[in-house]
Structure formats: structure tokens, C-alpha cells
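Peer 1: Go ahead and model the full structure; you've got the sequences and the hints to work with.
Number of protein chains: 4
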Amino acid sequence: MIRAGVIGVGYWGPNLIRNFIANPETEMYICCDLNDKRLQYINSLYPAVLTTKDSAEIIKDQKVDLVAICTPVHTHYKLAKAALEAGKHVLIEKPMTSSSAQAEELIDLARKKDRRIFVDHTFVYTGSVRKIKELIQNGELGDIYYFDSVRINLGMFQHDVNVLWDLSTHDISIMQFLLTVKPESVVATGADHFGHGLEDIAYLTVYYPNNLIANIHTNWLSPVKIRETLIAGSKKMVVWDDNQPSEKVRIYDKGVEVIQSADQVYNLLIQYRTGDMHCPRLDGREALNVEIEQIVDCLKNNKPSCADGEAGWMVVKILESAQKSIKQRGKEIKI
Amino acid sequence: MIRAGVIGVGYWGPNLIRNFIANPETEMYICCDLNDKRLQYINSLYPAVLTTKDSAEIIKDQKVDLVAICTPVHTHYKLAKAALEAGKHVLIEKPMTSSSAQAEELIDLARKKDRRIFVDHTFVYTGSVRKIKELIQNGELGDIYYFDSVRINLGMFQHDVNVLWDLSTHDISIMQFLLTVKPESVVATGADHFGHGLEDIAYLTVYYPNNLIANIHTNWLSPVKIRETLIAGSKKMVVWDDNQPSEKVRIYDKGVEVIQSADQVYNLLIQYRTGDMHCPRLDGREALNVEIEQIVDCLKNNKPSCADGEAGWMVVKILESAQKSIKQRGKEIKI
Amino acid sequence: MIRAGVIGVGYWGPNLIRNFIANPETEMYICCDLNDKRLQYINSLYPAVLTTKDSAEIIKDQKVDLVAICTPVHTHYKLAKAALEAGKHVLIEKPMTSSSAQAEELIDLARKKDRRIFVDHTFVYTGSVRKIKELIQNGELGDIYYFDSVRINLGMFQHDVNVLWDLSTHDISIMQFLLTVKPESVVATGADHFGHGLEDIAYLTVYYPNNLIANIHTNWLSPVKIRETLIAGSKKMVVWDDNQPSEKVRIYDKGVEVIQSADQVYNLLIQYRTGDMHCPRLDGREALNVEIEQIVDCLKNNKPSCADGEAGWMVVKILESAQKSIKQRGKEIKI
Amino acid sequence: MIRAGVIGVGYWGPNLIRNFIANPETEMYICCDLNDKRLQYINSLYPAVLTTKDSAEIIKDQKVDLVAICTPVHTHYKLAKAALEAGKHVLIEKPMTSSSAQAEELIDLARKKDRRIFVDHTFVYTGSVRKIKELIQNGELGDIYYFDSVRINLGMFQHDVNVLWDLSTHDISIMQFLLTVKPESVVATGADHFGHGLEDIAYLTVYYPNNLIANIHTNWLSPVKIRETLIAGSKKMVVWDDNQPSEKVRIYDKGVEVIQSADQVYNLLIQYRTGDMHCPRLDGREALNVEIEQIVDCLKNNKPSCADGEAGWMVVKILESAQKSIKQRGKEIKI
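Protein chains in written order, with our numbering: chain A, 612 to 946; chain B, 612 to 946; chain C, 612 to 946; chain D, 612 to 946.
Note that these hints are calculated values from the structure, not bench results.
Misleading hints may appear alongside valid ones.
In silico DSS-like links for lysine-lysine, alpha-carbon gap of 25 Å or less [what the hints assert, rightly or not]:
hint, chain 1, residue 1, chain 2, residue 2
1, C, 836, D, 836
2, A, 836, C, 742
3, B, 671, B, 723
4, B, 911, B, 674
5, A, 692, A, 744
6, C, 836, D, 846
7, A, 793, B, 938
8, B, 723, B, 689
9, B, 935, A, 945
10, B, 664, B, 692
11, A, 671, A, 744
12, D, 674, D, 664
13, C, 935, D, 945
14, B, 689, B, 724
15, A, 938, B, 945
16, A, 793, B, 942
17, C, 935, D, 935
18, A, 938, B, 938
19, C, 938, D, 836
20, A, 664, A, 648
21, D, 938, C, 945
Peer 2: Written out as C-alpha cells, the structure is:
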């Protein structure tokens, strides 16, 4: 039985609590928040869960095995460091830290302490993303040409981070999970329309080896909500529309074939291939439920996690580089 | 009566011919093509139209007032120059020329010869774009925050130009027509997946003064066809989905209001406003029909055109700069 | 303060409880169910609410003003009768009773006892239906030509009623609320594919005076979920797509004009009119919340309800007649 | 070489002409129309095709093998009769005749004269319908439960026939082609909103043996254009949305399983099955092209046609019965 303590029960924390309770191998033991009302709310729903206003109480509690950190980004590093030093495993809300240097430090510390870091890249546990991962892994898509993702809607403006750190985090974590390639560099553009220094619209290009390219468009100022990801490979192409109530992942048996004729050395003959479209049935389980199940499996059986400290670091590294690029109007930043 | 000669009757030329015939104030007089079969095709449809294989015959013909040039881009400059020198007005297929220097030369020449240059930016004559222009001009959208356009599909790979020069041309001409602001600089990224040096996917950011930003995503490798443009202003926001059979332009009474509180100098209070959505009835006339009507009006009444040489030059200038940027992985190129 | 007792806390009852708690003028006092687990569930959520396994306890309790009946249809009559006789107001789940005779009896009893009957026609309290009602009432649609509704999906097969009594109930209550006209007759067709005597697919036509016609298609065997209602008037037409996350109600400024020429007595000249489309912003409040607010208003201020016993009776009468018709392959049944 | 004569070159005739020209085994020889302008139009497009104002000229011409009749319905019988008597094969626009008696007479006459009748049920030659036919024939859908089709839009009001004879004809011909079962009876309802005796909205139920049921909703007064057909079988279910530019036919691996438990004789246990969705690639050829190819094959190789006189008769018989039913408010009419 893994005993969990949750720091921060604002928007996301309660979902973790609910899922720690649902999992038969985790015990939802204690949670904390600075806000009394939030603690009362948790108390009313789950009278058995202990509550405190002091995160240190959770961190030092001998009974706690895993500390989940669901607080604003700028507090992640300090809390995770304290928890690791106290010998706890940690599950950190995404993005993992405010800087890649902080992430590196935590990774080192966890190694020394022989503890595990999990980053809550929730999307990689959805049925949609796991299905696409499967398609890529078993070669069904062929060589990947590009990853293109749009995540736009009206609001929710954040006060401390720009739209990259808010929305792109999702897409970057999904992208790295799927592509499993180290990026070469990033180029980001964007604009801040309200003069508070935080971009509300951003376009991020990520260059990978072998002409693989990715682009992520995030936007807090769109009249319509779009969640659409295109992934094209040399064999098949995928459209993932997360707004759809069903048939979220469509696999197109479409492609391009290039025939280089002997005599026409300068001309490429391009042929288009159009076949069936297929929507596989997806596992409809809640992503957090799958995630906690996998965390338990990692801890019990000493298995690697697909959302470990290194994965969290990579997301922060890309965000950090994108941040530098966006402030210099698209200057290429090497990773 | 304006007498028209059309050079090049491949894919687009016949549409011009049909519309020159339909307009009561233009006479479709003569056309040429190097391909006999295309000329025979025109002959069978319109026996009264003269045909020739030699473009010089059209250019030197005293009866011709307007020479329409519907040939590959790299031939535009030479043909337009000859036509202007022979004292003709010209209508040039988009993009106007292969370089901004060529476009400048043609503009100078036209001025000297007191002739007019029209560039066939067909989209700006559609009911959709004219309606959006009207909304911007009468202030209904407020200050424009961004222009975001996606034009992607499978194919049609071009042999001589990359996806920027092929597809983005449309969006750039629409964008400049709508925004009527000189861009500051561009940043472009993209990839060539088939090793022939022509990008098949491209992302172009255009920076304008006052935090106005534009982005255009064009792609020859998408399994789905998307033609969607978002334009957000401080008052209203527009989504133009050109794939829809009807209700192409949706106007959202949505927005963001920023309240700067006196005491909280570091905090912006953001409020969202969500009202009705409105789809105005659009003029369904063929764009080319409207375009030729306006060309006639410009010539008869000496009026300015919204798609003149300067407009054509700007599109080429942006493409040219984007081309430089894409080859240097997003290096900002000043306009 | 109106004190409420809820009989039946299976699927729908808990929603009523939550909304009785939320309304400042109702007190959620007591509930009952035959199933212990359901009572425990309510207890854990709302420890202040009394629970019992005996509905008679609620009915005879002097403190209870309003008895809400959320049990299977065949039990409505008996429970509502007992509650009315005990001097309570009643809120009855839809459909009101198993037969129109039962409904009539309850209406009479309520009149004698000077108590009120409310039927839980939840949909008529949604922002969508109230907006359409407003359009009809203020004459914006003109004379109504037809009401056409499709409510189909896979499942949920009921064990005691056919698809008419299960799904059409919604559409009939909406239709009567909007049209406020007494139907002349009904024609219903359908089929039972599993031999248990309960139709899983049904088509119901309702004839009204003045060529107004309605049709409702309900189906438990559809691979796709459709919730779409069309209402066409002489001035405008409405499409209500309840599956959409937003822009559920679209108002089309479209129509037909008939011109009777003097000389062509046998020919009608039909002209089509196509104008703008408009999606009004809708009140997003939960329908049950609005409903309970209105029930309070009816009770406090002795106002009429749009979902009273008579409205409930009409829905049952139409269902009952449709049932007769469907068993005789579309025989017209007068209302 | 089959020599074709076409009577009537209004809306549809020119499509036939174009396809007779395209087929290498048919010769488009002669056409007629009462309207000079239409003949001039054909002449300008196809100078080699003979034209006449007198249909008798076509019918008596020794060179003509096949007479295609594209005139208003009430003239079909007379023209087809004359053509058959003159020893020609006939291709008759749908619906075949104004009454089933006329259709029977033509079938008899054709038999006596050893000539062939083809009815232009164009839709059964589309890639979509042929794919669905294939799915039904190879058992992939299992036993068919229902056929439900919606064909609605604004206009085009006809002056001589109601919406049943205009729009439902398509669905009835498709339905009979797919189901290949003789209907037992029909029930139709509808309304005429403009007092000229022709229904502008109609609902048609067709009863088949074994609880197979069909419904067709046609409507000239809908603000939106819908072309959607649902076909559910015991194994799989199909949605055909003819408005989609691609992915018109979706095959759902969904269904219901009924388990009859030994002890619970009155209860059926229903289980839902939800699997993948599949959009097969469809043959994109023009339906008329396929149709003429098949007509040639039927004539050359003496093969049966899927749209012969009997098929045409059945469509007329259903329409005629529906007409009787609609005038008697849904009275069941046996076929």
C-alpha cells in the first residue's frame, strides 16, 4: 500500500485525491492547502482524509510514501526538493519546474536519495495518446514527417505564466512521449496584447533530426475551442480531435510516394495514395486512473516511467528555450 | 469596351476567358498557349476567340488593351514587361513575380508608360473576404489582435516552388488586403521531406506594429483539407471556414476586457465577454466576375485597385523574406 | 421556506436533491428509497438530509410541503394520490402517469385539495427551449409550419416501457410547451426487433389544426447520437442541435414566399428567401435550478406553471394514443 | 455500338448526353426538346449531335437503339410506349411512370417486343450505395433492423408532384436496391402548407416482413440541407452522409446483444457492443458513367439490370400507395 499526501487542493488536487482513493493500492492519507475553504471542501467529501495548512507536516510525516505537488509552478522546486530530502517519492504537477536547472537538481537529488520523480503529464495516459503511441511504435505510421498541434480557446489567462507555459506544456509532453527524439532547436513567435509581458498567443516550431518538424499553436484569445493534432508519417496519417465526444482518433491510409525517374534527374514524380479511414475504439478510462495505476506499478516493480524526471526536464527545457526565442522574435535556440 | 488577350490557358486561364466573355464591358479577343491541345479546347468552347502559339502576337496586337498573364511565375516578369512596354495594361497571375526587385521594376515601368498593373489576388474579391473587410473597416471588430490562417491538404506538390509560394500566397494577399498595415518582419520555419529543396510544410509569422501578429500554416502533406482563418479584434472575433458550403463567416461577439485595479498594480483583472454568434449572408458571386468588374471600373474611371502592383509587390516581398527566413531556421527578416 | 421530500433517489432523484439544497427558498428535508445503498450514498453527500425506506413516512410527515416522486412510471399515480390526499404539493417525474385516466384523477384530486401538481418536464426549463419559446411568442418565426425532432442513440433499452414512453416523452413535452395547440390526432409506426413487445424504434406524427404537423423519431438502435429539432415558420426557421457544446440554437432568416399570379390560377410562384443566420447567447443555467425556482414562484405567488397537471396529462394522452396507433400500424388516433 | 437518342434536354438530359459521349460503346446520336434554347445549348457544346423538336423523329429513327426519356413524369408512359413499340430499348427518368398500372403495361410491352427497360435510378450506381450493397450482401451488417433516410432542404418546390414523388423517389429506389425485400405495407403522413394540394413535407414508413422497418423523411421547407441514411443490422451499423465531401460511408462496429436468462423469463438482458468505426474508400466515379457502362453490359451480354422495369414499378407502387396513405392521414396501405 502506497500512502499519498497531496499538497495543494485547488483545481487539480481533488482529482488526484479522488483517484488515489479509487486505486486499491494507494491510500489517500493527508492533504494540505493554505485556503481553509478548500480543506473544508475535501473534508466534506472525504472525511477520512487528514488535512493541514502546513505542507511541512506532510513532508515530514513518516507514514507518507508519495508526495503529490499540485501548487503553482514556482513552488514546485522547493516543495519537491524538501520531499525528496525527506525520503519521499514525488508526483509533480506539470510543468515540473520553472527552469531546467531546477529540474536537473531534482533529478540528481532523487538519484542520490534513491527516490522516484513522476511528472503529472496526464495526457500521455489518455486512451487517445496511448493509441497513437501504439501506432507509431508498431510502425503503422512509417517515418514521422511532422507533428502539428493546435490548442486554442478563449481564456483562461494566467497571471504568472504566458500561454506557452500554460497550454503548450500539454502538447510538448504529448509530442515528446510520442516522438521520443531529442529536439535540435526551437523557434517561437507570439504576442502579448495586454502589455503585461505574458504572451497570449504563441507559435512554437521544434526542429528534430531527419527533417522531422513539430509546431504547436496555443492561444488564449480564440473565439472557438480547438484541440487538434495532426501527425503524418510516410505510411499513414493521424488526426486527433480531442473535442469530439467519440471517434477522437482518425487514421488515414493516405500518403505520398516519390518516384525518382532515371532520366528526369531534376524532377520528382509525386503520387498520392488515398485509402480507408479508420477510427479505433479507445480505452475510455480516466487518464489519472491509468496514471496512478502505472505509478504504483513503477514503484512496486521498479519499472521505468514514461513521465519521469527526465521527461519533465525535457518539457521544461523546451519551454525555457521557447521563452528565450519568443522574446527575440523567433531566434533559433539550440536544445 | 476593353479588349483582352490571355497568355496561358492551362488551369486558370480558361476561368479568366469565361469571365471576360461574361462581362459586358470586356471583349475576350485573343489567347495563346504553347500547347496545341489547350488552344483546341478553347476553340471548341469559344469559337469566336482568336488563338495563337506566340505570346508576342498578343502583346504587339494593337487591338488588345489588357494582357492577362496566366503562366508559370518565373515568366511573369518578362511577359509583363513586354506588355507594358507595348502600352498594354496587365493582369498578372499571383504571385506577381519571382522577386520583389522584378515587381519594383514593373511598377516603375507602368508608371512611366501610364499603364495599370492588376494582380490576380482572386480571394480578395470573394464575398467572404469582402464581408470581413467591411467588418474591419467599419470598426466592428475593434483593434485587430491577430490573423491566423491554415491552408492545408494532401498535394498538390509543385515542381518549381515550395508550399509558401504555392499556398501561402493566397493568405498573404488576403491578410494584407484586410490589415492594410506594413509588416515589420517575418519568421518562417518549415521542412522539406523529400529532399528536393522545396518545403512541403511551412509556418510563417508576420510581425506588424502595435503587437498585431499573423501566422500562416500551409502544408501539402495533410490528410485533411482545412481552410480556416481566425481574426480576433478587441470587440469581436471572426472565423472564416472556406470549406463550409454555407455559413462560411462566423462573427463572435466575444472578447476580453482588462481591468487594471488601482491597488493591484501587478495584477490584471481579465474578464471574458460571450455574446451571440452571427453568420451574415454573403455575396455568392464568383470572385473573378467581381474582380473583372472592378478592373473595368478602375480603368474606365481611373480608380485605384485593391490589387495593384504595390499590393502584388508586398506579397512577393513577404514571400521572398519568408523564403530567406525558412532557409535560416526562423531568422527574423525585416521587411 | 418550502420543505421538500424526495421519493426515489436512483438516477434522477439526487439531481433534485442537489437543486433543492441549492435553492435558498427550499429546504431539502427527507428522502426515501427501497435500496439501502442509495440512501447511504445520499447520507455521505448530504448528512443533514433525513432518509427512510418507507415512502409513507415522507407523505404523512407534517413538515413536508412538496413531495417529489422520482420512481418508475407505474408507481407515480399511487404515490401522487397519497401525497395529494395528505395535503402535499407534488412534483412528478415525467411521464406523469401510466394512463391519461390516472392523470385526470390526480388533476381532480389536486383541485379538490387545493394543492398543486408539477410535472418534471425538465427540458422546457433549458436555455435553448426557453429561447425558442421566446422566438415563437414574439412572432419572430411567424406561423409555425412544422416541428421535427430526432432523438436517437444506442441504448438505453428499458424493461418496462418502449422507446416512445422513454425518449419521445422529452420531445412531446417540449413540442406542447412551444406550440401550445391542442393536437387533433396522432399516427405512430415502429418496430420491436427483440420480440419482447417493446418498440425500440418509433416514428410519431402529430396533426394539429391549420396544417401544422409534428414528427418525432426516437430510436434505441442508432450507432450515432442525434438530438436535433427543426422548427420552421413562415418568417424564420430554427435548428436546435442539443449535441453541440455551444451555438445550440441557430435561427435562419430563410423562407418561402408564395405569389399567386392573377392569370396563372393553377400555378404558384414560389420564391426562396435566404438571409443571415444567428446563434443567440443562451442562458446556461442548469434546467433543474430554473425549474425549482419557478416552482417556488408558483407556490409563493400562486402563479400558473408551464408544466402543471394539464401539461403532464397532454403528454400522457399523446403517448397513450401513439401507443394505440403503433400497435395498429399507423392507425390515426384522435386526441 | 449502341446508338442513343435523348428526349428532353432540360436539367438532367445534358448529363446523360455527356455520359453517352464519354462511353466508348455508346454513340450519342440525336436529342430533342420543345425548347429551342436548350437545343442550341446542346449544339454549341456538341456540334456532332443531331437535334430535333419532334420526339417522334427520334422514336422512328432506324439508327436509334436506345431512347432515353428525360421529360416530366406524366409524359414517361406515352413516350416509353411509343419507343418500345418502335422496337427501341428505353432508359426512363425516375420515377418510371405516374402509376403502377402504366409501369405494368410497359413491362408487358417490353416483354412482348423483347426490348429492355432501364430506369434511371442514378443513386444505386454511386460508390456509396454500391459499397453499402456489398456490406449487406456479404453479411457484414447481419440481419437488417431498419433503414432510415432524411432528405431535406429549402426548395425546390415542384409544380406537378409533391415532395414524395420528387425527393422520396431517390430513397425508395436506394432502399429497394439494398433491401431486395417486397414491402408489406406503407404508412405516410405529411402536410401541404401552401394550399395547392402538394405536400411539402412527408414522412413515409414502409413495413417489411420480419420486423424490418424503413422510414423516409423528405421536406422542401428545411433551413438546412440533410442527406443522411442510417442502416442498422444485427452485426454492424452504417451511416451514409451524402453531404460530406469525403468519408461519406461510416461503418460502426456497434450493436446490441440480447441474452434471455433461464429464470428471468420476463426480462431481457441487453448488452451493448461498441468497437471501431471504419470509412471505406469509395469508388469516386460519376454514377451516370457507371450506369451507362452497366446498361451496355446488360444489352451486350443479355444480363439482368438492378434498375429494370420491375424495380421502377416497385418504386412507383410504393409512391402510389404512400400517396393514398398521406391523403388519409397514415392509413396503412398494403402493397
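Peer 1: Against this structure, judge whether each hint is valid.
Peer 2: We went through each hint and held it up to the structure:
Note on residue 836 of chain C and residue 836 of chain D: the hinted pairing holds, with a Cα-Cα distance of about 19 Å set against a maximum of 25 Å. Simply put, residue 836 of chain A and residue 742 of chain C have alpha-carbon atoms about 24 Å apart, close enough for the 25 Å limit, and the pair holds. For a cut-off of 25 Å, the pair hint linking residue 671 of chain B to residue 723 of chain B stands: about 18 Å separates their Cα positions. Straight-line distance between C-alpha atoms of residue 911 of chain B and residue 674 of chain B comes to about 17 Å, which keeps the hinted pair within the 25 Å bound.
A C-alpha spacing of about 32 Å is found between residue 692 of chain A and residue 744 of chain A, which places the hinted pair above 25 Å, so the restraint is violated. Distance check on the hinted pair: residue 836 of chain C and residue 846 of chain D sit about 18 Å apart at the alpha-carbon level, within 25 Å; holds. A distance of roughly 21 Å separates the Cα atoms of residue 793 of chain A and residue 938 of chain B; the hinted pair therefore holds under the 25 Å criterion. Note on residue 723 of chain B and residue 689 of chain B: the hinted pairing holds, with a Cα-Cα distance of about 17 Å set against a maximum of 25 Å.
Restraint check: the Cα-Cα separation between residue 935 of chain B and residue 945 of chain A comes to about 19 Å, which is no more than 25 Å; the hinted pair holds. A C-alpha spacing of about 19 Å is found between residue 664 of chain B and residue 692 of chain B, which places the hinted pair at or below 25 Å, so the restraint holds. Taken as a hint, the residue 671 of chain A and residue 744 of chain A pair is broken in the structure, with Cα atoms around 38 Å apart against an allowance of 25 Å. For the suggested pair residue 674 of chain D and residue 664 of chain D, the alpha carbons sit about 18 Å apart, so the restraint of at most 25 Å is met.
Of the supplied pair hints, the one linking residue 935 of chain C and residue 945 of chain D holds, its CA atoms being roughly 19 Å apart against a limit of 25 Å. Proximity of residue 689 of chain B to residue 724 of chain B is assessed by CA-CA distance (about 16 Å); at most 25 Å being required, the pair is judged to hold. Among the hinted pairs, residue 938 of chain A with residue 945 of chain B is consistent with the structure: their alpha-carbon atoms are about 16 Å apart, no more than 25 Å. Between residue 793 of chain A and residue 942 of chain B the alpha-carbon distance is near 22 Å, which keeps this suggested pair within the 25 Å criterion.
Proximity of residue 935 of chain C to residue 935 of chain D is assessed by CA-CA distance (about 22 Å); at most 25 Å being required, the pair is judged to hold. Annotation: proposed proximity of residue 938 of chain A to residue 938 of chain B holds, straight-line Cα distance about 21 Å (limit 25 Å). About 33 Å separates the Cα atoms of residue 938 of chain C and residue 836 of chain D, which puts this hinted pair outside 25 Å; it is violated. The hinted pair formed by residue 664 of chain A and residue 648 of chain A meets the criterion: a straight-line CA distance of about 11 Å does not exceed 25 Å.
The straight-line distance between the Cα atoms of residue 938 of chain D and residue 945 of chain C is roughly 16 Å, inside the 25 Å bound, and the hint therefore holds.
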